[in-house]
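Participant: Sequence:
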Amino acid sequence: MAGTIPLGRFCWHELLTTDTDAAAAFYTKVVGWGLIPWEQDPSYRMWSADGVPIGGLMALPDDAKRMGAPPHWLWYGSTPNVDDTVAHAYRLGAKPLSGMIDVPNVGRMAVMSDPQGAVFAAYQPAGETSGHDGKPRVGEFSWHELATTDWKAAFDFYRALFGWEKTDVMDMGPGGMYLMFGRLGVTLGGIYNKPPEMPAPPHWLCYARVPDADKAAALATKLGGKILNGPMDPPGGDRIYQCMDPQGAAFAVHAVAVAAVVAARPAKRAAKPKAAPAKKTTKKKTKSAKKKTARKQAKRKPARRAAKTRKPLRSKKKPAKRTARRKGRLR
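For the sequence shown, this note's numbering assigns the number 1 to the initial residue and increments by one for each residue that follows.
Just so you know, not all the hints are guaranteed correct.
[Said to hold, decoys possible] Only pairs whose alpha carbons sit at most 27 Å apart, straight line, appear in this in silico BS3-like list of lysine-lysine:
| id | residue 1 | residue 2 |
| --- | --- | --- |
| 1 | 194 | 166 |
| 2 | 29 | 226 |
| 3 | 29 | 135 |
| 4 | 166 | 135 |
| 5 | 152 | 166 |
| 6 | 29 | 215 |
| 7 | 215 | 135 |
| 8 | 95 | 194 |
| 9 | 226 | 65 |
| 10 | 152 | 95 |
| 11 | 222 | 29 |
| 12 | 194 | 152 |
| 13 | 166 | 95 |
| 14 | 194 | 65 |
| 15 | 152 | 135 |
| 16 | 226 | 215 |
| 17 | 65 | 95 |
| 18 | 226 | 194 |
[Said to hold, decoys possible] Now the in silico label distances, taken between C-beta atoms and shown as ranges:
| id | residue 1 | residue 2 | range |
| --- | --- | --- | --- |
| 19 | 105 | 248 | 14 to 24 Å |
| 20 | 40 | 235 | 43 to 53 Å |
| 21 | 81 | 224 | 39 to 49 Å |
| 22 | 185 | 59 | 31 to 41 Å |
| 23 | 214 | 248 | 34 to 44 Å |
| 24 | 99 | 232 | 37 to 47 Å |
| 25 | 39 | 117 | 33 to 43 Å |
I should point out that these hints are in silico values taken from the structure, not numbers from a laboratory.
Each residue gets a CB set at the ideal place from its N, CA and C atoms; glycine is no exception.
Go ahead and model the full structure; you've got the sequences and the hints to work with.
Facilitator: Structure representation (structure tokens):
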């Protein structure tokens with residue numbers, strides 16, 4: 001089974017919060033997730049997209065509160081051997097935040113912070129690995145962004161640990177460089193140096209893909225959340241908002257642009273004005289021509305009637321000629 005577990009997949013996303021019921025009501029409306037109680041412990045509920053579990057919802061543990069941890073989202077990276085991965089992470093400078101956690105029939109995991117201080121978890125599932133490879137769908141987490149103090153060192157750490165690959169680097173000017181990374185050719189997130197005005201320590205921000213980012217953000221504020229940044233339109237026509245839920249956990253919503261629809265709109269608008277006048281002009285000409293023809297016919301009607309009355313007078317001898325020809329008298 002261990003050989004079938006992918007390395008470095010974002011396979012689970014867990015919300016640890018101070019009010020699970022309020023969080024459940026908030027995210028099911030804003031993102032559109034469903035909720036499934038966990039059979040082994042109904043107090044732990046699972047977020048679902050189209051009926052498929054994608055993450056979990058649980059109360060923030062007391063020991064985490066004592067350490068000063070606020071409500072937050074935690075992502076899990078899959079690994080075929082979590083013990084080796086954790087040991088490797090510690091050698092690279094990571095710090096443990098939990099010991100090894102074994103959950104029967106679920107798997108083995110550990111929570112830690114990277115060398116710059118951002119929190120994540122390594123997870124070896126007992127059965128099939130959740131999530132999938134390829135582009136994320138609506139309702140899934142589509143982007144993972146790391147705000148850190150040394151983007152180059154941070155990427156080197158995760159590349160060595162999970163095998164992530166660099167897909168692109170973008171110069172943001174005064175904002176510095178923005179490195180994009182992914183797996184198997186699919187870009188899944190970015191890493192950048194957090195600006196001085198950002199008071200939070202290094203941290204990960206998880207983006208949930210929604211059909212309409214504007215509607216999701218408006219609903220988030222209506223339900224007690226806050227917009228931290230946005231709207232933003234990254235290259236490609238996507239739209240994002242960075243938000244905070246009512247309990248204080250940061251998250252983001254992300255809508256992907258449909259390139260085919262955007263490209264088709266200008267062509268349709270340009271075609272309609274050209275086609276419409278031609279049809280209208282043709283109809284007008286046809287109606288006008290019919291009216292003129294009707295007038296001419298009206299003027300000619302008396303002449304045609306007179307001609308019909310005169311025809312019998314001119315053709316009185318015709319029947320005789322035809323009769324003679326038939327009998328052969330004119331030959």
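Participant: A separate judgement is required for each hint: does it hold in the structure or not?
Facilitator: Hint check results:
{"no.": "1", "hint": "194 to 166", "result": "holds (19 Å)"}
{"no.": "2", "hint": "29 to 226", "result": "holds (15 Å)"}
{"no.": "3", "hint": "29 to 135", "result": "holds (24 Å)"}
{"no.": "4", "hint": "166 to 135", "result": "holds (16 Å)"}
{"no.": "5", "hint": "152 to 166", "result": "holds (11 Å)"}
{"no.": "6", "hint": "29 to 215", "result": "holds (11 Å)"}
{"no.": "7", "hint": "215 to 135", "result": "holds (23 Å)"}
{"no.": "8", "hint": "95 to 194", "result": "holds (21 Å)"}
{"no.": "9", "hint": "226 to 65", "result": "holds (22 Å)"}
{"no.": "10", "hint": "152 to 95", "result": "holds (19 Å)"}
{"no.": "11", "hint": "222 to 29", "result": "holds (11 Å)"}
{"no.": "12", "hint": "194 to 152", "result": "holds (13 Å)"}
{"no.": "13", "hint": "166 to 95", "result": "holds (24 Å)"}
{"no.": "14", "hint": "194 to 65", "result": "holds (25 Å)"}
{"no.": "15", "hint": "152 to 135", "result": "holds (25 Å)"}
{"no.": "16", "hint": "226 to 215", "result": "holds (14 Å)"}
{"no.": "17", "hint": "65 to 95", "result": "holds (18 Å)"}
{"no.": "18", "hint": "226 to 194", "result": "holds (20 Å)"}
{"no.": "19", "hint": "105 to 248: 14 to 24 Å", "result": "violated (32 Å)"}
{"no.": "20", "hint": "40 to 235: 43 to 53 Å", "result": "holds (44 Å)"}
{"no.": "21", "hint": "81 to 224: 39 to 49 Å", "result": "holds (42 Å)"}
{"no.": "22", "hint": "185 to 59: 31 to 41 Å", "result": "holds (38 Å)"}
{"no.": "23", "hint": "214 to 248: 34 to 44 Å", "result": "violated (23 Å)"}
{"no.": "24", "hint": "99 to 232: 37 to 47 Å", "result": "holds (39 Å)"}
{"no.": "25", "hint": "39 to 117: 33 to 43 Å", "result": "holds (36 Å)"}
Going through the hint list in order, the structure does not satisfy hints 19, 23.
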